[in-house]
Amino acid sequence: NAGVTQTPKFRILKIGQSMTLQCTQDMNHNYMYWYRQDPGMGLKLIYYSVGAGITDKGEVPNGYNVSRSTTEDFPLRLELAAPSQTSVYFCASSRTSGQSYEQYFGPGTRLTVT
Amino acid sequence: AQRVTQPEKLLSVFKGAPVELKCNYSYSGSPELFWYVQYSRQRLQLLLRHISRESIKGFTADLNKGETSFHLKKPFAQEEDSAMYYCAPPPKRRAGNQFYFGTGTSLTVIP
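Protein chains in written order, with the working numbering: chain B, 1 to 114; chain A, 1001 to 1111.
FYI, nobody ran anything at the bench for these hints, they're computed from the structure.
Values in this document were obtained by computation on a predicted structure and should not be read as measured data.
One or more of the hints may lead you astray.
[To be verified] Here chain A is said to cover these stretches of chain B; the calculated rule only asks that three of the stretch's residues, wherever they fall, bring their Cβ under 8 Å from a Cβ of chain A:
no. : stretch
1   : 33 to 42
2   : 101 to 112
[Unchecked claim] Here are the in silico distance ranges between beta carbons for each label pair:
no. : chain 1 : residue 1 : chain 2 : residue 2 : range
3   : A       : I1056     : B       : A2        : 36 to 46 Å
4   : B       : P61       : A       : P1007     : 22 to 32 Å
5   : B       : A82       : A       : K1009     : 18 to 28 Å
6   : B       : N62       : A       : K1057     : 45 to 55 Å
7   : A       : I1056     : B       : S18       : 36 to 46 Å
[To be verified] Here are a few chain A residues that sit away from chain B, every Cβ distance over 12 Å (derived from the structure):
no. : residue
8   : F1014
9   : T1060
10  : N1064
11  : T1068
Every residue, glycine too, gets a C-beta built ideally from N, C-alpha and C.
All chains, full assembly: derive it from the sequences and hints.
In structure tokens form, the structure reads like this:
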């Protein structure tokens, strides 16, 4: 299994541009998540999904949109990029049953908005 | 909401010294907690889960319900332990609940 994969690894955007961060998992996990990690600030949850067609906001959803049309994919959309969105973005997934709810993380996407 | 607090953003210890990374939780019910680790330029990965009571890479963590804590401990720190450590509840969806990671503790082991 490839686990959780993210593309791109790096991206530089100009203010006002838009882009989609891709996330795919091949573990048949129902739960998927998007986090951002700012320097010295830890992880903050942007959006999460508990299954195909179901998404919900996390701590910091403003400026982002998500969709979940399939179990495998959970793309994150930035419509009007702002410098405050400069961060490292991590996608994660987890199972929904069983003893362990361990989250599996992708390698991250480093985004710079200038 | 299930909340966890990691009071130390930065922690430095000398190689061979004991290390304790603090995590406190503030929710009722049966707490379930995890420790995740992020080595430099790598993805986050699970280090420990409280239900297994295991020791991974020499680290242990005990759930103390009286002190509402889940501190991560290692008796002799190694240089390769330098990393970012996060305490987190499990990502279970409950009514009105959110999934919050702790703010993380950056551990530096000094040679």
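Review point. Does the claim that A:F1014 lies outside the interface with chain B hold up, using a Cβ gap greater than 12 Å?
Key: 23 Å, holds
**Study point:** Distance restraint hint 22 to 32 Å, applied to the beta-carbon atoms of B:P61 and A:P1007
**Key:** 27 Å, holds
Practice item. Check whether three or more residues of the stretch 101 to 112 of chain B sit with their beta carbon closer than 8 Å to a beta carbon of chain A. Key: That given contact holds, which follows from 7 residues of the stretch 101 to 112 of chain B lying within Cβ reach (below 8 Å) of chain A.
Point to revise | Distance restraint hint 36 to 46 Å, applied to the beta-carbon atoms of A:I1056 and B:A2 | key: Between A:I1056 and B:A2, where Cβ atoms are some 24 Å apart, the hint is violated.
Review point. Do A:I1056 and B:S18 keep their Cβ atoms within the hinted range of 36 to 46 Å?
Key: 41 Å, holds
Point to revise | Minimum Cβ distance from A:N1064 to chain B greater than 12 Å, as the annotation requires | key: It holds; A:N1064 is separated from chain B by about 21 Å at its closest Cβ, greater than 12 Å.
Check your understanding: How does the Cβ-Cβ distance of B:A82 and A:K1009 compare with 18 to 28 Å: does it lie in that range?
Key -> At roughly 26 Å between Cβ atoms, A:K1009 and B:A82 fall inside 18 to 28 Å, so the hint holds.
Exercise for review: Please settle this one: A:T1068 was flagged as non-interface, so is its CB more than 12 Å from every CB on chain B?
Suggested key: 20 Å, holds
Check your understanding: According to a criterion of three or more residues whose C-beta lies within less than 8 Å of a C-beta of chain A, is the stretch 33 to 42 of chain B covered?
Key -> holds (count 5)
Point to revise | Beyond 12 Å from every chain B Cβ - status for A:T1060 | key: 18 Å, holds
Check your understanding: Would you say the C-beta atoms of B:N62 and A:K1057 sit inside 45 to 55 Å of each other?
Key -> 38 Å, violated
The structure shown violates the earlier hints numbered 3, 6.
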